[in-house]
Amino acid sequence: MAFLDIVHVQKSFGTNVAVEDFTLAVEQGEFVSFLGPSGCGKTTTLRMVAGFEKPTSGRIVIDGVDVTDMPPNRRNIGMVFQSYALFPNMTVADNIGFGLRIARRPAHEIRARVEELLRIIHMQEFGRRYPYQLSGGQQQRVALARALAIQPKLLLLDEPLSALDAKIRASLRQEIRDIQRQLGITTIYVTHDQEEAMALSDRIVVMSRGKIEQIGTPFEVYNFPATRFVASFVGTLNQIEATVVDAAIGLLAVEGQQFRIARPLPQYRAGDTVNIALRPELIALDGQFNSAMNRLSGTVEDVTFLGSIVRVRLRLAANRLSMDIFNNPHLRPPQPGETITVHFAPEACLAPGDDTPRQANAQPLSASTAEAA
Amino acid sequence: MAPLTQTKTNQPTLTRRSFSWTWVGVAPFFLFVAAFLIWPTLSIIGQSFLDQERRLTLQNILELGRPFIVSSYVYSVQLSAVTAIGGGLLGGLLAYAITIGGLPRPLRDAVLSFSGVASNFAGVPLAFAFIATLGQLGVVTQWLRSIGISLYPAFSLYSFWGLCIVYIYFQIPLMVLIMAPAFEGMRREWREAAESLGANGWQYWRYVGLPILLPSILGTTVLLFGNAFGAHATAFQLTGGGSQGNVVTILIGAQISSDALANPGLGNALALGMIVIMGVSIGLYTWLQRLSARWLRS
Amino acid sequence: MLKRFWPWFWFLTGAAYFLVPLYATFDFSLRARRGELSFAAYTSVLNDVRFVESFMFSLQTALATIVISAIVIVPTAYWVQLRLPRLRPVIEFFTLLPFVVPAVVLVFSLARTYSRTPLTDSREGLWVLLVGSYVILSFPYMYRAVDTGLRSINIHDLTEAAQSLGAGWFTILTRVIFPNVYVALLSGAFITFAIVMGEFTIAALLAQPAFGPYMNRLASSKVYEPSALAIISFALTWAAIAAIQWFGQGAQARVAGPR
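Protein chains in written order, with my numbering: chain A, 1 to 373; chain B, 1001 to 1298; chain C, 2001 to 2259.
Chain A extracted, bound-state conformation:
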């Protein structure tokens, strides 16, 4: 039995199904992100866990207790909002201590706890300030402290960094992770920023249009995407439009050059056009000739020197491939207009169709939920 169980939860607003058959088991102390574009249902699901929306069907169980029908103020959860939502009429200290005051804790205990939290968020001098006197980043730290003050069972964060500028976002992101690790609190984090999700999470739930596309660790989700959506949403992805030469052995051709992918394409016939996807870091400049690797030649369109990385953009018929190579002072990078050859493994290619055999190491969707039940 996991710490948080979301079981077959569905939420409809009239005829609009916002969340469909959502099932997830979260262990104690885990940091899970809900990742997806706007409108994918991630915030709605979070709000159902918090209790601000009621599932149309399904159950939510926190620490063994079925909370599906429980109002939010009895669930003992901590929530951090995108807009901070600090109470403007209270000081920072009063904001942080609010939950404890509601719980009727003695005054000295509240004072001690508030000081402890101010220390954790590095804002010891700010106790008497009012929210309107704080910057966005400071307000969000106070909001975090306020949520943690009541020692909630779950910490829920709804796009907490979206309203902040890039620099603050980066430092606050790390701070959130450090505090979470330090306190060991089970956390659900909603974001549309895949970099954020990957940097922070133990596991990511990728969602699209109300459905779960994949659940996995950042490594799994990036390297073994279950669907084309996951592949393109998480990290950058190259696309090659190729013609099928022999569907049975996965032989394809682009601009007269042939290459293989690691599996057959049963639903295609010779002559069909198929879209192959490829991660940029899996493409390398041709050095050694290795017959197992695919080789393609194209014209260099653009070379951007970024310091440790050199980003090369390659044109291949109508396709554009992006590849990153490490900077090497002894090796001159390719020049625009040059023709170069690149190689990549057949296994690195992603073909359309949701389940690729390359998922040998990852847990497919159905397996993880079966384990948790």
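Heads up, incomplete: computed chain C residues facing chain B, CB under 8 Å, no partners named:
no., residue
1, Gly2014
2, Leu2096
3, Ala2194
4, Met2215
Listed next, the stretches of chain B that the computed footprint assigns to chain C, with coverage defined by at least 3 CB atoms under 8 Å from CB atoms of chain C:
no., region
5, 1088 to 1094
6, 1107 to 1116
7, 1227 to 1241
8, 1273 to 1281
Hints are computed from structural coordinates only; laboratory data are not their basis.
The beta-carbon is built from N, C-alpha and C at its ideal position, and this holds for glycine as well.
The hints should help you fit chains B and C onto chain A, whose structure is shown.
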């Protein structure tokens, strides 16, 4: 915003000329306000400290202590306070009902539109409307009589409570117009944050909701007080303008037509008293609104 | 549904309190002829020569007020935004003063201060005082409306463009600024119109033959006509506010006119 002169490098002559033109541009406003508002008002205030021989005196102010004047002020204050608190309460509840209370949107728009009209409908026509409703031959009076309840002579539209009922007709809409946006400015996340921290509805209102709204509510109630205190036409129409047992505004008005007090200095003092009270109430209102705006700035 | 009980309760209570007098007045106004419902009171009012006279008098006064107020306010608001932003709090303070000095005190001060001058000795002089008072009363609404309107157009760029094309200040004001703010001016104008048409205190105390005093005098001689007048007045106010909302601009017809 850089002044225009700094950017006009190719028109130096216009630069110099336009500087003096600047003050010409706002001169009409200041002249107008000076002639029709500042000078007369200051003059009256100043003259309230002068006696018939134009010597400095506090006698006029002291004369405000005359019983019938004091009772007039008391009457005005009571009327204004009752209608401010009553109008504030009922207006606040109505504003709450159409915003946070969750009534359908068309209803909210209709109430706000109507409030815009009703707050401008005061004065003589409003008095007529209530005479037709609750006057001795009024429609509601007759209807109540037909079911056995006889309003008169116990109740009179021309008494204190009658005036209250009429005044509230323009007090409530003013409260609604000012408080509806304030209620709508209450963010949903505050409520949700409070609930996630364990608060129930009542606790939310007690610790978060009402404190946030309190400056607005208080400030607007004070504004309502000033609004009623300065009202003249409605009272005049209902009470006939007699200066006995009436509001201060009627008393002042009577000075112009008949100089009933035979002491011009006293009339000035009355006006001064009125300006002071209105000034304090507008000042309080402005201060409380600023406080509220500052909190809600983030 | 029970959760919505109290909001509905307050709304219905409010609706009853506000609509019953309107209904009662309308009903009362239809009973001029004994035993039947008719518009006799209305025809009597509309045919009354004094109604027409006082109505036209107030209408002219309102128009004069609007014109003068616009002529004073627009350049002021323009210059404050363009050149004198530091003056803004001062101007706003002065436009709030009419709330501190209620109508009765205003007319009292004017009558006393300008007594024994041509302003108070003649009918025309008193009319000047009347219009002057109304202009003062209109300032808060006019200034707010015009200021909002000016903020929504970039007057700095418009002015510089006009100047680079050779326009002088007068041309800029009349040909460039005025046409762009006249919609905002309209909302201020309609509120001013509503205020002037219904105003009683100043008009009565300055012994002017305006619509307000006419209504007041009628009450002492007629029974049903005042109710008809109340309905007409309400309809007029409603039309003015509706016109403002129709022209949009977000300007709100807050704070009352005559009380």
